[in-house]
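There are 2 protein chains.
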Amino acid sequence: MIETPYLLFLGDAPDQLAAKVAQGIKDWRPENAVGQYRMDGCKADLGLQDMDLLAAKAAGAKTLVIGVANRGGVISPEWKKVLVMALEEGFDLASGLHNLLREEPDLVAVAEATGRALHDVRVPEVEYPIANGVKRTGKRCLAVGTDCSIGKMYTALAMDAEMRSRGMKSTFRATGQTGILITGDGVPLDAVIADFMAGSVEWLTPDNDEDHWDMIEGQGSLFHVSFSGVTMALVHGGQPDALILCHEPTRTHMRGLPGYALPTLEDLRDTALPLARVANPACQVVGISVNTQNLADDDARAYLAKLEADMGLPATDPFRYGAGKLVDALAAI
Amino acid sequence: MIETPYLLFLGDAPDQLAAKVAQGIKDWRPENAVGQYRMDGCKADLGLQDMDLLAAKAAGAKTLVIGVANRGGVISPEWKKVLVMALEEGFDLASGLHNLLREEPDLVAVAEATGRALHDVRVPEVEYPIANGVKRTGKRCLAVGTDCSIGKMYTALAMDAEMRSRGMKSTFRATGQTGILITGDGVPLDAVIADFMAGSVEWLTPDNDEDHWDMIEGQGSLFHVSFSGVTMALVHGGQPDALILCHEPTRTHMRGLPGYALPTLEDLRDTALPLARVANPACQVVGISVNTQNLADDDARAYLAKLEADMGLPATDPFRYGAGKLVDALAAI
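Note that the protein sequences, when read in sequence, are chains R and L.
Heads up, the first sequence is in numbering that gives the first Met the number 0, so the first residue is 0 and it goes up one at a time.
Heads up, the second sequence is in numbering that gives the first Met the number 0, so the first residue is 0 and it goes up one at a time.
If you're looking for bench data, these hints aren't it; they were derived computationally from the structure.
Glycine residues also receive a C-beta, built at the ideal position from the N, C-alpha and C atoms.
Do not take every clue at face value.
Said to hold, decoys possible - SDA-like, lysine to any residue: derived pairs with alpha carbons at most 25 Å apart:
1. R:Lys134 - L:Arg250
2. L:Lys134 - R:His211
3. R:Lys134 - L:Lys134
4. L:Lys134 - R:Gly255
5. L:Lys134 - R:Thr263
6. R:Lys79 - L:Pro128
7. L:Lys79 - R:Glu126
8. L:Lys79 - L:Ala57
9. R:Lys56 - R:Glu126
10. L:Lys61 - L:Gly46
11. L:Lys42 - R:Ile129
12. R:Lys79 - R:Lys134
13. L:Lys134 - R:Asp296
14. R:Lys134 - L:Arg115
15. R:Lys25 - R:Glu209
16. L:Lys25 - L:Ile74
17. R:Lys25 - R:Asp296
18. L:Lys134 - R:Asp266
19. R:Lys134 - L:Thr251
20. L:Lys42 - L:Ile192
21. R:Lys25 - R:Asn293
22. L:Lys25 - L:Val109
23. R:Lys305 - R:Asp266
24. R:Lys61 - R:Asp26
25. L:Lys134 - R:Glu126
26. R:Lys79 - L:Glu126
27. L:Lys134 - R:Ile129
28. R:Lys79 - R:Glu126
29. L:Lys134 - R:Lys42
30. L:Lys134 - R:Ser148
31. R:Lys305 - R:Leu294
32. L:Lys56 - L:Asp44
33. L:Lys56 - L:Arg115
34. R:Lys42 - R:Arg254
To be verified - Computed spacing ranges between beta-carbons, pair by pair:
35. L:His211 - R:Glu265: 53 to 59 Å
36. L:Glu124 - R:Gly46: 44 to 50 Å
37. R:Asp208 - L:Asp208: 56 to 62 Å
38. R:Gly46 - L:Ile332: 50 to 56 Å
39. R:Arg250 - L:Met38: 37 to 43 Å
40. L:Pro273 - R:Val122: 31 to 37 Å
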């Protein structure tokens with residue numbers, strides 16, 4: 000287990016989205032985030048107090064969490080200086096990057112010399128089985144998106160919180176580094192060997208009470224050519240009973256893929272549902288979760304109302320307006 | 000590079016399909032297969048001469064190739080005895096199993112003591128990029144199937160051979176252990192880390208002459224819940240201009256998944272083509288490849304004729320009747 004609370008390292012994040020790991024921790028475990036550490040040129044800001052290592056140490060922080068991702072997941076030389084100093088100051092390090100802390104000889108040497116821990120939360124520590132497709136008891140909900148980084152994790156976390164507050168049986172099932180840092184366990188799906196992806200999702204969401212919901216964190220998008228295989232493994236390994244469609248209406252192209260337009264929500268529904276029914280013929284699309292952060296309140300409400308009329312499904316922004324409407328839909332099936 | 004020729008190890012294969020690695024080598028590089036080694040209980044037979052290690056050595060074999068796969072890819076204790084003896088007799092070992100030769104301390108020790116090589120062809124030896132989705136020059140063809148182990152590799156190899164015989168520019172691109180053992184290179188896709196699957200396929204099929212075809216070996220099936228994520232990465236990373244639909248009409252359920260029915264060829268077309276057009280809007284379904292090994296000749300021909308009438312696409316069994324019809328269709332686009 001990773002020692003809390005954290006100092007959230009934002010490095011030289013090129014934009015706010017790059018700091019989504021830190022943002023997730025701050026939003027869902029604010030009690031664990033004592034402050035943020037930003038380097039020159041950092042374009043992300045969580046609204047937490049900026050702290051240097053000594054100030055964070057004085058405030059009680061135990062672990063420096065790398066809360067920023069750059070394309071390819073590399074630990075840059077600029078970051079390295081801060082990480083080495085953090086170890087020297089008595090922090091553990093935790094990271095979900097592809098480039099592992101344990102692959103950096105200087106970090107390993109300093110961690111050993113100082114007795115500090117290096118946590119690579121994206122490294123699978125289980126030998127996952129090959130998926131067997133056998134129907135499991137209990138219910139599962141999966142958020143699927145028109146694009147990556149569009150609010151799927153938030154949707155599942157918000158619905159899980161709402162369900163628990165209603166006394167429903169629900170477990171958030173993390174499939175990415177942020178979710179794992181938030182909950183303390185899960186499957187780092189994008190680091191799993193291809194043949195075992197669907198099996199790892201089956202492992203993560205085992206037999207359960209008939210009225211228990213696994214709220215599975217989505218990854219990628221069936222329409223994102225870089226990561227669609229990971230999404231496919233969730234759709235089939237997760238055996239979802241319910242799909243939530245996720246969208247960001249102002250995005251002009253698929254994240255990281257200039258020239259690739261986003262699909263419509265109708266495209267997403269018509270693609271994801273038949274694929275999900277291969278593994279679970281009873282699967283239904285139950286609602287729509289829209290990330291409206293780039294819309295004014297009036298525009299967001301109008302957009303959601305039109306979506307509901309056009310698609311005949313409840314639509315909301317769970318971060319902005321709460322997840323109640325989506326949980327109502329889930330409770331009704 | 001793996002030293003040839005080979006002695007093909009069939010172990011205690013439970014059925015003929017389990018020996019498809021050896022079958023592929025025998026069919027496509029018969030000059031490299033001096034014989035087969037079968038243990039008690041082996042249910043596979045390639046029609047090659049059965050040889051013990053000494054006889055194979057005398058016949059010139061340099062490498063014992065594990066030509067059999069069991070579910071999970073484990074090296075059993077029964078096999079181990081033969082593998083150790085083979086090293087002692089001067090054979091190298093080559094394997095495409097998940098359970099690596101290099102993970103077995105006894106094999107490593109004997110290989111070191113005897114100066115022999117252990118080739119794990121399924122281990123990626125390249126740091127693949129994340130897919131960028133950028134359109135590449137040249138043309139690509141991908142075989143997709145209603146199920147796994149249905150003839151996708153054979154289809155691509157047969158079409159590649161036919162295209163070369165016509166003077167067309169074609170390269171078979173291996174994505175699995177058999178293909179890699181046959182061609183000497185490729186991407187062991189099912190062993191690639193999830194995030195890099197589509198990128199590895201882009202890497203395997205780079206820019207090329209406008210009239211050059213990459214004949215990409217398919218894997219899994221979009222309808223096979225254990226492996227559909229791997230297939231998805233091929234559909235998007237491969238950017239195919241042409242899809243060949245593959246089917247085996249007598250199979251009663253998805254391989255390894257009792258209770259899962261096979262989709263129809265129409266289902267496969269209607270699922271695969273829209274997904275492929277995300278990465279390449281010009282993609283077309285150009286033909287159907289049917290594995291008719293379980294049908295009599297008359298039945299096979301009648302089945303293919305009906306398929307052609309029903310679906311409006313050329314249909315053949317490239318192993319039985321040649322790949323000419325499929326290559327005609329490819330040459331026409």
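*Looking back at the numbered hints, which does the structure fail to meet, lowest number first?*
Structure breaks hints 2, 3, 9, 12, 13, 14, 15, 20, 22, 25, 27, 28, 29, 35, 39.
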